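Chain B: place on chain A using the hints.
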Amino acid sequence: MGSKSGSSFGSFGAQDAPLINKIKPVTTEFSRGSVPNSIARMDRESAWTRWRRGYEIACYVGIQHGLTYPFEYKVPFPVDIAPAEGNQPLILGVVQGFPTAGKEFGVHWAGCRIGAILRFDNVTDSSGTLASIASVVEDDEYWYVQLAGSWSSANPLPPPLYVPNPSGAPLKPLLGETLEDRIITPGSSPVTKDTLNPATDKRYGYVQAVLIDVDGENGILKLQKSGSFQASPDNVYLTPSAGAFTPGRYFTVGTRYACSCQDFSRRSYAFMMNLSEKETRRFPYTRPSLLKYGRHELITDANSGTIDNRAMTDANQNRDLTLTTSSIDNPGVFTDFGGRYLRNIPADGKAEGPTTFVDYTAKDNQITSFSDYWTPLLDEMRYCKHIYALRFEEGILPPEPSDLPVGTTESLTAWEQNLVRETATSKKHSQYITTLRALALMDVPPKNFQSPQMLPMMQKLLNVPTSFIRLENFRMQDKTGAFYNPSAYELPAT
Amino acid sequence: MADFGEVIETRYVLSREQLEASKFGFSPVYHSGSPTVYSPGDVVNLPYVSGEVSSMTALGNAWAAYASGIGPT
Numbered sequence: 001m002g003s004k005s006g007s008s009f010g011s012f013g014a015q016d017a018p019l020i021n022k023i024k025p026v027t028t029e030f031s032r033g034s035v036p037n038s039i040a041r042m043d044r045e046s047a048w049t050r051w052r053r054g055y056e057i058a059c060y061v062g063i064q065h066g067l068t069y070p071f072e073y074k075v076p077f078p079v080d081i082a083p084a085e086g087n088q089p090l091i092l093g094v095v096q097g098f099p100t101a102g103k104e105f106g107v108h109w110a111g112c113r114i115g116a117i118l119r120f121d122n123v124t125d126s127s128g129t130l131a132s133i134a135s136v137v138e139d140d141e142y143w144y145v146q147l148a149g150s151w152s153s154a155n156p157l158p159p160p161l162y163v164p165n166p167s168g169a170p171l172k173p174l175l176g177e178t179l180e181d182r183i184i185t186p187g188s189s190p191v192t193k194d195t196l197n198p199a200t201d202k203r204y205g206y207v208q209a210v211l212i213d214v215d216g217e218n219g220i221l222k223l224q225k226s227g228s229f230q231a232s233p234d235n236v237y238l239t240p241s242a243g244a245f246t247p248g249r250y251f252t253v254g255t256r257y258a259c260s261c262q263d264f265s266r267r268s269y270a271f272m273m274n275l276s277e278k279e280t281r282r283f284p285y286t287r288p289s290l291l292k293y294g295r296h297e298l299i300t301d302a303n304s305g306t307i308d309n310r311a312m313t314d315a316n317q318n319r320d321l322t323l324t325t326s327s328i329d330n331p332g333v334f335t336d337f338g339g340r341y342l343r344n345i346p347a348d349g350k351a352e353g354p355t356t357f358v359d360y361t362a363k364d365n366q367i368t369s370f371s372d373y374w375t376p377l378l379d380e381m382r383y384c385k386h387i388y389a390l391r392f393e394e395g396i397l398p399p400e401p402s403d404l405p406v407g408t409t410e411s412l413t414a415w416e417q418n419l420v421r422e423t424a425t426s427k428k429h430s431q432y433i434t435t436l437r438a439l440a441l442m443d444v445p446p447k448n449f450q451s452p453q454m455l456p457m458m459q460k461l462l463n464v465p466t467s468f469i470r471l472e473n474f475r476m477q478d479k480t481g482a483f484y485n486p487s488a489y490e491l492p493a494t
Numbered sequence: 001m002a003d004f005g006e007v008i009e010t011r012y013v014l015s016r017e018q019l020e021a022s023k024f025g026f027s028p029v030y031h032s033g034s035p036t037v038y039s040p041g042d043v044v045n046l047p048y049v050s051g052e053v054s055s056m057t058a059l060g061n062a063w064a065a066y067a068s069g070i071g072p073t
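If you read the sequences in order, they're chains A and B. Residues in the first sequence are numbered from 1 upward in steps of one, following the working numbering. Residues in the second sequence are numbered from 1 upward in steps of one, following the working numbering.
To be clear, the hints were calculated from the coordinates, so they are not data collected in a lab. Owing to the predicted nature of the structure, the values given are computational and were not obtained by experimental measurement. Please note that the accuracy of each hint is not assured.
What the hints assert, rightly or not - Here are some of the chain A residues that sit facing chain B, going by a computed Cβ distance under 10 Å:
1. 76
2. 91
3. 440
The beta-carbon is built from N, C-alpha and C at its ideal position, and this holds for glycine as well.
Okay, chain A solo, but in the shape it has when bound:
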C-alpha cells in the first residue's frame, strides 16, 4: 500500500493513505501571510459578535449616559418662509459617544434618527387624495405597493419620494429607508408592536421592509422581502415578514442609525497620535498593497473652499464635504476596510461582490446618498457594535444574528466570559482616561458634526445632502429637557 520511502526516486510515488487522527486543519491560506485564516476572518466579520459585544457596551457605557446628545434638526427652508421657532418641522435624533481606546480622538459617535419621523399621511396627489396603501402585489422577492391617488408623469409622487432633477435622472432620496405600515388613521400616533385594536382586542401588528425603488410616475413603491420583519399580532418579531402591508394604512419611516466607527463606515484611518501609548506624532502612510482606486473626502470651508479638517471649530463656521473620486485612496487617510459579501436572493443568485467605491450619488459635489453598506441583513442594515448597543439601550432587543462564531479554540461560553471581562476592563480604562483626553482634543455634538469623521456619518443618519447639515439647524437638549441653540452661543443649563 505504501510507497518505498528513501529510494533514489524520492518520495513522489504513491502517497500513504492519510490517517484521520493525524490530519491537521488548514490554518492559513495561500498568499495570506500573517493574515488570519478564513474562519477567524469570518468570526471577526460575524454580526453575532457585534450583537453580543453591543450588549456589553450598552451595559457598561449606556447606563451612565455620559456622552448622550439628543438633538433636534430643523429641516431647512430653502424657498419657503420658515415657520416660527417652535413650529418648525423637525427631525429628532440622538448622538451617543462611545469612548474607545483605539480611536484617535477617543470617541466613536453613533447616531440614531428616531423612527416614524417622516409620515406618509400628509403625502397627497394633485387633487388632495392621501397616499395610503391602496394595494400590494408581490413576487418572490419584492412587494409592489400602489399608493392611493392618481399619479402620472405630469403628477408624479411628491418629493422626497421622487424629486425631478433638471440636470439628470430624478433623485429618490428615500431609497434604502425602512418603511413601516404603522399609521392606521391620518394624524394618529403610529402603532407599536403592543398596540391593541380596541374593536377586536387584538394587536394591530405591522410590517417593516426596505424601500428598494420608487416608480414616481405610477405611484408604486418597491420594497424588499429579504430582510423585512413583522411585528406579529402575538407580539413577536418575525423575520422575514410572513405577510404583506395592510391596505388602508399609511407608511412611516423606521429608525435609522449611523456610526463614525471604522466598522460601520467601512473605512480605516491613520492615527496621528497614539492615545494608549506614548504621545508621539506619526506620519500617515498606507501600505502600497492597500492602495485602491477609490474616493476620499475633504472637509472644506463653505466660503473660501480651502481645506479645513479641524476637529474643533466655531459653531458658526460651516464647512462642506468635497469628494475626490477617480483617484487612488489618499495615503494614510482612508483605506478600504474590507468587505462583506452577501448572496443575492434574486434569480441570478450571484454574490454582490466587493465594494465598488462608486457607492454614492452626488450632485454638485454634495453627497445625496450612500449605498455601499446598505444591504440589509435580517431586519437591519449592517450594524456595528455601537449601533447594537444603542438598540439594546432603547430596549429594542435586536434579533440575535445566526452567524455564531465558529472555530474558536475554547468553548463559546469561555469566549463570552472573556468578552465580558475584556469589555469591563477596557471600559474602565476608556471611561476615565480616554474620555478626558478625548474631550480635550475634539468637540462634542453638534460642534463636531462637520468634522471629517462626522459629516459623512451625519449625511447617512439624516439622509439629506451634506450641504444641508448646517450647525444653525441643530438644537441640543440639556439635562433639564430644554433646547438650546449652540450656533447662537446658547449653553446648556448648569
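Showing chain B alone in chain A's frame:
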C-alpha cells in the same frame, strides 16, 4: 378557552423574582440633575396647527429646491 384560529399570547409570564434577576445593567445609578429625556418623535407636531409643515413635506421641499440648484438657508 380560545377558539380555533385565535391568536394566543405565547410569552412566559415572569415572576417578580425572575424579572428582578433579569435586570442586568439596571443597577442604581447616582446622578445629579434631571436625567436627559427626549421626545419619542412619533407624535412631534401632531396634530398640525395652522402654519406648521410636516417634516415629510419640508424635507421634500428641501430636496426639490436642492435638485433645482437652490442651496440651504
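So, going through the hints one by one against the coordinates:
Annotation: interface hint on residue 76 (chain A) holds; nearest CB of chain B at approximately 4 Å, less than 10 Å. Given the 10 Å rule on beta carbons, the hint for residue 91 (chain A) holds: about 6 Å separates it from the nearest Cβ of chain B. Contact between residue 440 (chain A) and chain B, as hinted, is not supported at the beta carbon level, the nearest pair being about 23 Å apart and thus beyond 10 Å.
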